[in-house]
Amino acid sequence: MTNHWIDIGNSDCILISGSNAAENHPISFKYVVKAMRKGAKLISVDPRFTRTSSKADIFAPMRSGTDIALLGGMIKYILDNKLYNKKYVSAYTNAPFIVGKKFSFKNGLFSGYNRKARKYDKSTWAFAMDKKGVPKMDRGLKDPRCVFQLLKKHYSRYNTKLVSQITGTSEADLKKVYKAYTATGKTGKAGTIMYAMGWTQHTVGTQNIRTMAMIQLLLGNIGVAGGGVNALRGESNVQGSTDHCLLWHIWPGYLKTPRASNVSLAAYNKKWTPKSKDPISANWWQNYPKYSVSMLKSFFGDNATKAKAFGYNWLPKVDDGKAYSWLDLFDEMYKGTVKGFFAWGQNPACSGANAGKNRQAMKNLDWMVNVNIFDNETGSFWHGPGMNPSTIKTEVFMLPCCVSFEKEGSVTNSGRWSQWRYQGPKPLGNTKADGDIMMELGFKLKELYKKSGVFPEPIMNLKWDYMTNGMYDSHKVAKEINGYFLKNVDFPKKKKSFKKGQLVPSFAYLKADGSTSSGNWLYCNSYTEKGNMAARRGQEDAVNKIGLYPKFSWCWPVNRRIIYNRASVDLKGRPWDKKDWVVKWTGKKWIGDVPDGGWPPLGSLEKPNPKSKWAFIMRKHGHAQIFGPGRADGPFPEHYEPLECPIEKNFMSKERMNPTAAVYATDADAYLTCDPRYPLVGTTYRVVEHWQTGAMTRPQPWLLEMQPQVFVEMSEKLAKLKGIKNGERVLATSARGSLECTAIVTKRFKPFKIGKNVVHQVGFPWCFGWRWPETGKEESANLLTPAVGDPNTRIPETKAFMCNVSKL
Amino acid sequence: MPGKSFFVDTTVCTACRGCQVACKQWHGLPAEKTVNRGSYQNPADLSFVTYKLVRFEEVVVKKKLKWLFFADQCRHCLEPPCEMTADDPTAIFRDSATGAVLYTANTKKLDAQAVIDSCPYNIPRAAKDGTLAKCDMCIDRVENGLLPACVKTCPTGAMNFGSRKEMLALAKKRKAKVKGAKLLDAGDIRVIYMVTEDPKLYHKFAVASIGAFDVSRAVAMKRMVRPLTDLTARL
Ligand code: SF4
Ligand code: SF4
Ligand code: SF4
Numbered sequence: 001m002t003n004h005w006i007d008i009g010n011s012d013c014i015l016i017s018g019s020n021a022a023e024n025h026p027i028s029f030k031y032v033v034k035a036m037r038k039g040a041k042l043i044s045v046d047p048r049f050t051r052t053s054s055k056a057d058i059f060a061p062m063r064s065g066t067d068i069a070l071l072g073g074m075i076k077y078i079l080d081n082k083l084y085n086k087k088y089v090s091a092y093t094n095a096p097f098i099v100g101k102k103f104s105f106k107n108g109l110f111s112g113y114n115r116k117a118r119k120y121d122k123s124t125w126a127f128a129m130d131k132k133g134v135p136k137m138d139r140g141l142k143d144p145r146c147v148f149q150l151l152k153k154h155y156s157r158y159n160t161k162l163v164s165q166i167t168g169t170s171e172a173d174l175k176k177v178y179k180a181y182t183a184t185g186k187t188g189k190a191g192t193i194m195y196a197m198g199w200t201q202h203t204v205g206t207q208n209i210r211t212m213a214m215i216q217l218l219l220g221n222i223g224v225a226g227g228g229v230n231a232l233r234g235e236s237n238v239q240g241s242t243d244h245c246l247l248w249h250i251w252p253g254y255l256k257t258p259r260a261s262n263v264s265l266a267a268y269n270k271k272w273t274p275k276s277k278d279p280i281s282a283n284w285w286q287n288y289p290k291y292s293v294s295m296l297k298s299f300f301g302d303n304a305t306k307a308k309a310f311g312y313n314w315l316p317k318v319d320d321g322k323a324y325s326w327l328d329l330f331d332e333m334y335k336g337t338v339k340g341f342f343a344w345g346q347n348p349a350c351s352g353a354n355a356g357k358n359r360q361a362m363k364n365l366d367w368m369v370n371v372n373i374f375d376n377e378t379g380s381f382w383h384g385p386g387m388n389p390s391t392i393k394t395e396v397f398m399l400p401c402c403v404s405f406e407k408e409g410s411v412t413n414s415g416r417w418s419q420w421r422y423q424g425p426k427p428l429g430n431t432k433a434d435g436d437i438m439m440e441l442g443f444k445l446k447e448l449y450k451k452s453g454v455f456p457e458p459i460m461n462l463k464w465d466y467m468t469n470g471m472y473d474s475h476k477v478a479k480e481i482n483g484y485f486l487k488n489v490d491f492p493k494k495k496k497s498f499k500k501g502q503l504v505p506s507f508a509y510l511k512a513d514g515s516t517s518s519g520n521w522l523y524c525n526s527y528t529e530k531g532n533m534a535a536r537r538g539q540e541d542a543v544n545k546i547g548l549y550p551k552f553s554w555c556w557p558v559n560r561r562i563i564y565n566r567a568s569v570d571l572k573g574r575p576w577d578k579k580d581w582v583v584k585w586t587g588k589k590w591i592g593d594v595p596d597g598g599w600p601p602l603g604s605l606e607k608p609n610p611k612s613k614w615a616f617i618m619r620k621h622g623h624a625q626i627f628g629p630g631r632a633d634g635p636f637p638e639h640y641e642p643l644e645c646p647i648e649k650n651f652m653s654k655e656r657m658n659p660t661a662a663v664y665a666t667d668a669d670a671y672l673t674c675d676p677r678y679p680l681v682g683t684t685y686r687v688v689e690h691w692q693t694g695a696m697t698r699p700q701p702w703l704l705e706m707q708p709q710v711f712v713e714m715s716e717k718l719a720k721l722k723g724i725k726n727g728e729r730v731l732a733t734s735a736r737g738s739l740e741c742t743a744i745v746t747k748r749f750k751p752f753k754i755g756k757n758v759v760h761q762v763g764f765p766w767c768f769g770w771r772w773p774e775t776g777k778e779e780s781a782n783l784l785t786p787a788v789g790d791p792n793t794r795i796p797e798t799k800a801f802m803c804n805v806s807k808l
Numbered sequence: 001m002p003g004k005s006f007f008v009d010t011t012v013c014t015a016c017r018g019c020q021v022a023c024k025q026w027h028g029l030p031a032e033k034t035v036n037r038g039s040y041q042n043p044a045d046l047s048f049v050t051y052k053l054v055r056f057e058e059v060v061v062k063k064k065l066k067w068l069f070f071a072d073q074c075r076h077c078l079e080p081p082c083e084m085t086a087d088d089p090t091a092i093f094r095d096s097a098t099g100a101v102l103y104t105a106n107t108k109k110l111d112a113q114a115v116i117d118s119c120p121y122n123i124p125r126a127a128k129d130g131t132l133a134k135c136d137m138c139i140d141r142v143e144n145g146l147l148p149a150c151v152k153t154c155p156t157g158a159m160n161f162g163s164r165k166e167m168l169a170l171a172k173k174r175k176a177k178v179k180g181a182k183l184l185d186a187g188d189i190r191v192i193y194m195v196t197e198d199p200k201l202y203h204k205f206a207v208a209s210i211g212a213f214d215v216s217r218a219v220a221m222k223r224m225v226r227p228l229t230d231l232t233a234r235l
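Chains as they are written, first to last, in the numbering used here: chain A, 1 to 808; chain B, 1 to 235.
Worth flagging that the hints you see were computed from the coordinates, not collected in a lab. All the pointers check out, no bait thrown in.
Across the chosen pairs, the derived CB separations fall in these ranges:
id: 1; chain 1: A; residue 1: K179; chain 2: B; residue 2: Q113; range: 55 to 65 Å
id: 2; chain 1: A; residue 1: G140; chain 2: B; residue 2: K173; range: 42 to 52 Å
id: 3; chain 1: B; residue 1: K173; chain 2: A; residue 2: G531; range: 38 to 48 Å
id: 4; chain 1: A; residue 1: R677; chain 2: B; residue 2: Q113; range: 52 to 62 Å
id: 5; chain 1: A; residue 1: H383; chain 2: B; residue 2: V61; range: 44 to 54 Å
id: 6; chain 1: A; residue 1: N726; chain 2: B; residue 2: T104; range: 39 to 49 Å
id: 7; chain 1: B; residue 1: A114; chain 2: A; residue 2: E728; range: 32 to 42 Å
id: 8; chain 1: A; residue 1: N726; chain 2: B; residue 2: A97; range: 39 to 49 Å
id: 9; chain 1: B; residue 1: A127; chain 2: A; residue 2: V543; range: 53 to 63 Å
According to the in silico footprint, chain A covers these stretches of chain B (three or more CB under 8 Å from chain A):
id: 10; segment: 8-17
id: 11; segment: 34-45
id: 12; segment: 54-67
id: 13; segment: 151-159
Keep in mind the model is a prediction, meaning the values are calculated, not measured. Even glycine gets a Cβ: it sits at the ideal position worked out from N, Cα and C.
The whole structure should be built from the sequences, with the hints applied where relevant.
Below, the structure written as C-alpha cells:
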C-alpha cells in the first residue's frame, strides 16, 4: 500500500476491484464503513456479486481478465471530460516528457517486438533527451510526442461501446463507475483503490495495477490522504516477506539479485545504480551501493572485507534472461532438474496454479522438507489421490514448527507497518520457531562444509550469530536488519558522529565503504539506539489528525505513513486538500507526516528552487511514470485476452493474448482456448471462512462448519442450461484437471454479453484439499488453473481460465 | 427502562460471521456436521449448540439484487413470552441488572415445544433430552465489564452493545442517517435490528408475528388466575 488501512477512512470514493475485501480482508471494512458514513461512495467491480458488492453504492459486473479494458475506458473518460488534475499531472508525472521517435504502437504491438523471442527491445521506448541528458519536456502537455498526447492517442480506442463488448459490463454501468470515481479528480477530493489477487493473477497482472496507478496520477490521488494504490496483502506478513526478499529477483529492500553478467561488485553496482543528469532529481536509488554494501556487511560481517568485494562473489548469480520464479521452479522440478525442496510454510500441492503438475513434479524429488504447523497436501503428496506410494521414492521430512503467536518477532502489514509481537503461549511439544530451525540448519551446513565441500566460502563466511542462550533471538535479527556502525564514523555535513557498535539511526547514514551494516536498508530506522520502534504503541495522532498515529509501531521508509506525500501539496507546499492534509510547508520546515525528503518546495516549474527536488524521489527523473518504459510488456497497458478466453479475436487488436506472457510447455501444461469442451470462463477466489489453502482453517471445526465443501458458483441461467440443481454435486473440468464440487446456483452470477455472444462465468474457492476434511473429497480448485505467467512477475493466471461444469 | 441492549445495524454487516464463531468460541460450543446446501448459510438453522447464526438471503428489490444478512440471536424480550410460558424461574428467568433472559439446565423439565412455540422470533432450541438453549447475552462477560463476544469481534460496527438508553439513542441516530431505515420491534426487545428492506425478506422471524406479545400476555394472565391446585400438583 502507498497508504495504510486507517487511511481508507479518509477516502471520498473507494473502488474495490480485483478484491473481495469484505470477505478476505474483513477488518478493512471498519475503515470502509467509516469513510461511507462520511459520505464516501463505494464501487464494487467484480465478475460476481460478493459480500463486498452487497455493501456497494455501485456494483458493476465484469468478465474476468478484462480489467485493462474497463480501466482504459476510464482513462479515456478522464481525458475526454478533462477531469484530470492538470497542475498535478504537469508538475509531478512524466506526462510532459517527450518520447523518442522510435516509439510506436501498431496492431496491438509496441515498437521493438521480437516474435521469436516473445520479447521487446525496450530501447525503442526511450525518452528524447536534451543536451544535458535530461528528458525533454512540454509542461503545457501539447507536444504531439509528449506522454500526455500519446496517452490520449493510445486510449482513444477505449470507447465505452467497445469496452462494454469486451468486459460484458453494460455501458450504463461503466458510465456510473467512471462518473463516480473520476469525481475524485477535483482538488481536495481523494479516491482509493483496494485491490488484491483478482488484479495481479493474470498474464497482464502488472499492467492491471499500472493502469490504476495511471488513473490515480491523472486524478492527483497519489500521496494524498484517502488516495493511493493499495494492495491488500493476503497474509499478515506477506509485505514483510516481500520486503525481505521472498521473491527470486530481489534482495532485501528491493535490491536486484545479481545476474551472471554482473561479474564484480563494481559492475553490479554500476548496472543497478541509476544516473540522472537533472540536479533537481533526488534519484534516490543513486544511493544503491550504500545499501548493497551494507547488506553484504550484514551477511558476512568481518569476513566481508573490501579486498574480498565485501563477499559479493560468494552470493549466487542468476543467468541473464532466465527466470527462477515459482512457476519456473515447479517446471524444472517436473522436468526432473530440481532434486531437493524445502516447502516452508506453504502448500504448493494446493496453492500453486496447475496443482496437479506440482504434485507430479514432487515425485521427481529425492527429498522434501515440509516445515509447517500441520501436515498438509504437500508433505503427504505421495499418498494423495491418484498416487501410488510404492512407486514414489521422494523422502519427505516433516518439521513441525510453532505458530506465529508462540514466538516473538515482527510482522509487516499491507500498510508497511512493522509491528512487534510478544510471545504468547510457549511452543507446543517439540515444535520449534522457524528461526530456530534455520539457525540449526545453518550450523549443520557450516559443520559439514568445514569437513569438505565445493565452494565453502558462502557458508563458512556467513555471519551466524543470532542466538541468545542457545535460542534464536529475534531482537538480534531485527537489529541486524536495521544495521550497525562497524567503525567510528563522522558525518561532518550533518554534524553527527557515531561510535562503532551503535545502531544506525536511518538509511541516510549508510555508507558504501564497509563502515556500516544493514540487512535491509528500507528497515534502517526500525531498531535504533532509541529502541525497538516496531514495539511502540503510542496512541496519539499527528498534528494533521488524519489517523497517521506515528508513534504506533513503525513503518517503512523512515516511518513515512503515506508515501509520495510531496505530491500532496502544490508547488508552494500548500496541501491540495485543506482539511485532510498530509504534509505542509510552514516556510521553514514540513509538518504532518514524515515528508518524502526534507527539501523545500519547488516554488515554480519554470525556475524551481535549486535546493528543492521533484516530488517522486524514487524515480530516476523525479516524476511518476504515466509512461512506463521499464515494463516487459509495454510502456502503456493494453488489453489482451487471458491465455484461455472465450473469444477467438481480441476486440482491441490482432494480438489475442499478452505477446510476452510466460508460457510453459511440459505435457502437464495443456492450454485450451475457445474450445467447445471448455466454454465457461472460470475464476478462483477465497472465502472469509478459510485462509489460503485452508491448511490452517480446515482442521478448525467452527470454520469448517460454515464452509464445509468446495463449491462452484454459477448463474441460474447456466444451471438451467446444464440441468444442475442448487446444492447438488457436479464435476468441473479444464484442460488440466477436474474437481468434484457442490453447485451454488445464485443470482449473484449473471451471464455476460461479450460482443454478440453470451458468455457464462463460474467461480471456485481454492481453499480446499484432500487431506482434510476426512472425506478426502474436497479438493483444490488449482487442479483446474493454468501455470502461465505475467512477463514481469511470473504470477500465474489463476483468475481467468476456461472450464466446464457438468452433472455428476 | 434500565438494563442493557444491542443495536444491530444490518446495513453495515458484511456477513463475515466473526460473531457466529466468537459466540461458539466463548461458549465452547461444538461445531455441527454440515454440508454445503447451495448457500453460504451454515449451519442451516439455530440449534442447541448454535446461538448465533448469520442468515443469507438473495432478493431482488425494484430490479436491484440485494444480498441480505441477518445476524440472528435471542432478542432478550422486555416481557419474554418464553419466560411466561415456562413459568419456572429456576428454568427461565430475567437477570435484573441487564435484563438478559437466561435459561438453566432446569429447562429440561419444561414443555420444550411450548416454550419454542411461544417465542415470537423462533429462537430457543432443544437438545435431545429436552434441555433448551439460546443466546445468554454473554452474561458472564457482561457482568465482568466485557462486551458480548459477538459484539467484541464485529469489525464493521454492525453489532453494538451498551445501556438501553445509549443503544436506543444510537439506533435513532443511525436511523435518521440511513435512507429507508427501520428499527424492528424496538419497544419490545433488547436486540434492536435496523434494516432497510421489508424485514420478512431477511428472515421469516425478523419481526414478531402480529400479536405475539399480546398472546403471551394473555398466557400470563391465565397463569395468574390459575387455581391453587395446579401449584400443588407441580410440587
Ligand atoms: S461480526 Fe458484524 S459484520 Fe460480521 S457477520 Fe457478525 S454482525 Fe455482520
Ligand atoms: S426472543 Fe424468544 S427466546 Fe429470546 S427472550 Fe424473547 S421469547 Fe425468549
Ligand atoms: S451475546 Fe453472547 S451468547 Fe448471545 S449471540 Fe452474542 S456471543 Fe452469542
